[in-house]
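When you get a sec, could you build the whole thing from the sequences and use the hints?
This is what each chain is made of:
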Amino acid sequence: MQEAVHAVEGFLYPNEVELQWSILIVLYPYITGLVAGAFILASLERVFKVEAVKPTYRLALLTALAFLLVAPLPLQLHLGHPERSLEMYLTPHKSSAMAMFGFVYLWYLMVVLLLEIWLDYRKDIVQLSQTTKGPVRLIYKALTLGSSNVSPGALNADDRIGYIITVIGIPSAFLLHGYVGFIFGSIKANPWWSTPLMPIVFLFSAMVSGIAAVMMLYIVTTWLRKKPLDMRCVDTIAKYLFYAFVIDFSLEMLDLIHRIYEADESFHTLDFMVHTRLFLSQVILQIILGTGVPLACLAATQLWTFSEPVRRKLYFTSGLLTLIGIFAMRWNVVIGGQLFSKSFLGYTSYKMEFAHREGLLAAVALMILPFLLLWGLVKLLPPWSEHEAKA
Amino acid sequence: MSTSRRDLLSQSGKWLFLTSAAQAALEFVLAGNAEAAPTYNMHTHWWAMTIDINKCIGCGNCVRACAEENGVPKGFFRTWIERYDVPSWEMEHPEVDSPNGGMDGFPEKPIKGKSFFVPKLCNHCAHSPCVQVCPVGATFETPDGLVLVDEKYCLGCRYCVQACPYGCRYINPKTNTVDKCTLCYHRISKGLTTACCEACPTGCRTLADLKNPKDPVHDFLRTNSIQVLKPQMATGSKVYYRGLDGSVR
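Read top to bottom, the protein sequences are chains W and G.
Numbering-wise, the first sequence is residues 115 to 505 according to this note's numbering.
Numbering-wise, the second sequence is residues 23 to 271 according to this note's numbering.
Please keep in mind that the hints were generated in silico from the structure rather than gathered at the bench.
Any given hint could turn out to be false.
Incomplete in silico selection of chain G near chain W, CB under 10 Å [as the list claims (entries may be wrong)]: (1) L30; (2) L31; (3) W102; (4) S110; (5) E114; (6) A160; (7) T161; (8) C176; (9) C190; (10) R191; (11) Y192; (12) V239.
EDC-like, lysine to aspartate or glutamate: derived pairs with alpha carbons at most 20 Å apart [as the list claims (entries may be wrong)]: (13) K196/G with E91/G; (14) K252/G with E117/G; (15) K252/G with D378/W; (16) K255/W with E123/W; (17) K196/G with E472/W; (18) K77/G with D29/G; (19) K340/W with D272/W; (20) K233/G with D119/G; (21) K302/W with D378/W; (22) K174/G with E197/W; (23) K96/G with E132/W; (24) K196/G with E197/W; (25) K136/G with D267/G; (26) K131/G with D107/G; (27) K208/W with D126/G; (28) K252/G with D107/G; (29) K131/G with D119/G; (30) K252/G with E379/W; (31) K174/G with E201/W; (32) K208/W with D172/G; (33) K131/G with E123/W; (34) K196/G with E132/W; (35) K174/G with E163/G.
Note that the Cβ used here is the ideal one computed from N, Cα and C, for glycine as well.
Structure below.
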C-alpha cells in the first residue's frame, strides 16, 4: 500500500489508490479474443467456402479450444474467493453482465467447439481407435463416444450437423467476445471504458488477433514439421487479416476522433494519461508498432507483388506485431482504465508483482499453458494430413 | 411457580416505562438481534443522509468514529472528507486533498481560492450501478433503501468497485470481499443514528428517514438548494448535500 501511495499523482478518492484488476484481467479478453478470432477463421472455410484456408481449418479449431480451456483460469486466480465461483452458475444475478460469462462460456465450449471438433474428427478418431495400441487406443475408444459408424451416410450427417454448428458458432463467437467488450463498455462510472463501440471494437480486434495467431501458428508449425508452406493459404489469411484490421483500426479511430472532438469532462484526464503513463503501451506499442507497421506491411502485400520469401517475412512480422499490438490494446483498456481517478483529478500507477498469484509469473504461465494444451491436442488429433501438407 | 423479587421489579419496571412492543423489542436488542425485533419494520423506512457543507469543519471525527465502530481496515475508508481549494478563475481544476481520508484532520496550507470540506460516504443509490453488476447478487438493495454486501456470498471479483462512480468500495484485506458503508445498519435498525452522525460536532451530517413524515429531512430538502454527487450518473443517490459547490467531483 505504501508503494502504491508513492505512485499517486494529484488527487484520488482514498479507496482508489489500489488497482482492482491486474494483468490477469488483461489476459482474459486477450485469450477470449484469440478464441473468437480463431473460430471465425475456421468458419471462413466451413461456412463461407474459402477453400484456400482449408489447411488451417482444424488447427484453428484446436487453437480455439486450447485457448478456451485456459480462458476462465485468469478470472479464477483473480477472485478473492475462487471457491465461490460456482455461485455464478447456481445463483446468477440476471442484471449483471459478468454473471453471463459462465453460460456464454459453457455454450461456446460444449455446444460449439467440442461438438464441431468431435464431428470433424470422428472419422479419424474411429480409425485411430482401431489402428493404435496401448493406452492411447483407450483414449481414442473413449473419444468415439461409442459411435464407430463411419459409413458415407453417417459422415454426410456429421458434415451437415457440423455445418449447422458452425453457422450457430459464428454468432456465438461474436457473442463470446462482444460480450467481453460489453463488460467494460457498460461501466458508466469509467469514461475510458464506457462507450457503445467497446463490444464491436473488441470483436474486430478479436478477429484480428485470432487470425494473426492462427497464421503464425501455421507458419511456425509448418516450419517445425519441415513441410512446404501453402502460400495460397497464407496469402488468403493475410488478406482477411488485412480486411479485419482495417475495420478494427477504423472503429478505434472513430472512437478516438469522437473523444477528441467531443472533449467531455474526462477528456483532459484521458489525454494526459495517453501522453504520459500510457505513452509506451498505447502510442508506441499499440498504435505505431502494433497497428501502423502491420497494417502497412499487409497493405503493401495487397498492393504490390513480392516474392514468396519476402511475403513470408512480411506476414510473419505483421502477425507478430499484431499479436503484440492487440495485447497492448487489452492492457490499455484494462490497466489504462484504472490509472486515473474517477474524480478526474489524479493518477495512479500499476506496479506488477512478479511471483504473486496475480503477478507476471502467473501471467506468463497462463500464456504458455494454451500452447502446451495445443501441443497435446495436436498430438492427439493431428490437424494435418500428409495429403494436405503436400498440397 | 415462584418469582424472585429481582424478576418482579424488572418486569414491573418494563411495564411501567415501556410499551408492550418496545418491551418485546428490548429483548431482541439485548440478545443482539435487533433486525428481528418486531418494532423494526424494514418497509416503513427509506434511509438517507443529509450533509450541510457549510457546517463541516474537517475535524475527522466522523472518519475516526466510523473506523472505530465498523473495524475499517487501515488505509481504507467507509467515509472520508475531502478539502477543496477552488481558484475563482478555474473552477474545473480544483485542488483537492484528503490526507488519510481526513481521519487526522487537515494540516494548514495556503488557500488560493474558496475552500470547504466535503464529507463523503456510500450514496446508497436507489439505482445502484454496483448492485446491477454484481454477478451473484452479493451486493443488494434492502427494502429500507440501503445498499449492503453479503460478505459470505461475495466472490471478490471487484466488478462493483469498478462500477461505483464515487470510489466508495474497497476490498477488505481481512475477508477478501468487498466492503463499504452500511449506514451503520446495526445501529439505525435499533433506533440509533450512525456513528459518523453521532460523532459530528457541528451537526453537519444527519441521518434521515424519508418515509417518516415527521423527519426534519423534509423541511431540509424543501427549504434548501440541494445537490447530490455526480447527478449526471443518475444513480438515485440518497446522500443530499446542502451548499455543494459545482466544482466537487
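Against the structure, the hints come out as follows:
| no. | hint | result |
| --- | --- | --- |
| 1 | L30 | violated, 51 Å |
| 2 | L31 | violated, 50 Å |
| 3 | W102 | holds, 5 Å |
| 4 | S110 | violated, 18 Å |
| 5 | E114 | holds, 8 Å |
| 6 | A160 | holds, 8 Å |
| 7 | T161 | holds, 9 Å |
| 8 | C176 | holds, 7 Å |
| 9 | C190 | holds, 7 Å |
| 10 | R191 | holds, 7 Å |
| 11 | Y192 | holds, 4 Å |
| 12 | V239 | violated, 26 Å |
| 13 | K196/G with E91/G | holds, 16 Å |
| 14 | K252/G with E117/G | holds, 18 Å |
| 15 | K252/G with D378/W | holds, 14 Å |
| 16 | K255/W with E123/W | violated, 62 Å |
| 17 | K196/G with E472/W | holds, 18 Å |
| 18 | K77/G with D29/G | violated, 48 Å |
| 19 | K340/W with D272/W | violated, 32 Å |
| 20 | K233/G with D119/G | violated, 36 Å |
| 21 | K302/W with D378/W | holds, 14 Å |
| 22 | K174/G with E197/W | holds, 12 Å |
| 23 | K96/G with E132/W | holds, 13 Å |
| 24 | K196/G with E197/W | holds, 17 Å |
| 25 | K136/G with D267/G | holds, 10 Å |
| 26 | K131/G with D107/G | holds, 10 Å |
| 27 | K208/W with D126/G | violated, 42 Å |
| 28 | K252/G with D107/G | holds, 19 Å |
| 29 | K131/G with D119/G | holds, 11 Å |
| 30 | K252/G with E379/W | holds, 12 Å |
| 31 | K174/G with E201/W | holds, 12 Å |
| 32 | K208/W with D172/G | holds, 17 Å |
| 33 | K131/G with E123/W | holds, 18 Å |
| 34 | K196/G with E132/W | holds, 15 Å |
| 35 | K174/G with E163/G | holds, 16 Å |
In summary, the structure is inconsistent with hints 1, 2, 4, 12, 16, 18, 19, 20, 27 from the numbered list given earlier, while agreeing with the others.
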